[in-house]
Amino acid sequence: MFELYRYVYSKGVGTRTAALYVAWSQQFEQRGMIEQADAVYQKATENQAQPADTVLNEYRCLALVEVRTQLGPVPD
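UniProt numbering puts the first residue of the sequence shown at 1, with every later residue one more than the last.
None of these hints come from the bench; they were simulated from the model.
Owing to the predicted nature of the structure, the values given are computational and were not obtained by experimental measurement.
Note that CB positions come from ideal geometry on N, CA and C, so glycine has one too.
Heads up, a few of these hints could be off.
What the hints assert, rightly or not - Across the chosen pairs, the derived CB separations fall in these ranges:
no., residue 1, residue 2, range
1, Leu-71, Gln-26, 20 to 30 Å
2, Glu-3, Asp-76, 37 to 47 Å
3, Arg-31, Thr-54, 19 to 29 Å
4, Pro-73, Val-13, 19 to 29 Å
5, Thr-45, Val-13, 12 to 22 Å
Using the sequences and the accompanying hints, generate a full structural model.
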């Protein structure tokens, strides 16, 4: 699946569209590949993907996942 997103990105298809980066990042996130998901959002920012608020909101959600992952389980 990652290859498909990389291929589409390399051809310049949808590189200014938030949906590409959100879907791509979510594929990494679902597999626990948080650093790669983060890198995808960095690409979205660099390419000024629109709508920008979608990118920003999804990136914030990813940041929360990163924090939770680093903290580990919260005791009851």
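Cross-check of the supplied hints:
1. Taking the beta carbon of each, Leu-71 and Gln-26 are about 22 Å apart, inside 20 to 30 Å as hinted.
2. Between Glu-3 and Asp-76 the C-beta distance comes to about 42 Å, which sits within the given range of 37 to 47 Å.
3. At roughly 22 Å, the beta carbons of Arg-31 and Thr-54 sit within the given window of 19 to 29 Å.
4. For the hinted restraint 19 to 29 Å between Pro-73 and Val-13, the CB-CB distance of approximately 40 Å leaves it violated.
5. At about 18 Å, the beta-carbon gap between Thr-45 and Val-13 stays in the expected band of 12 to 22 Å.
Violated hints amount to a single one, hint 4; each of the other numbered hints is respected by the structure.
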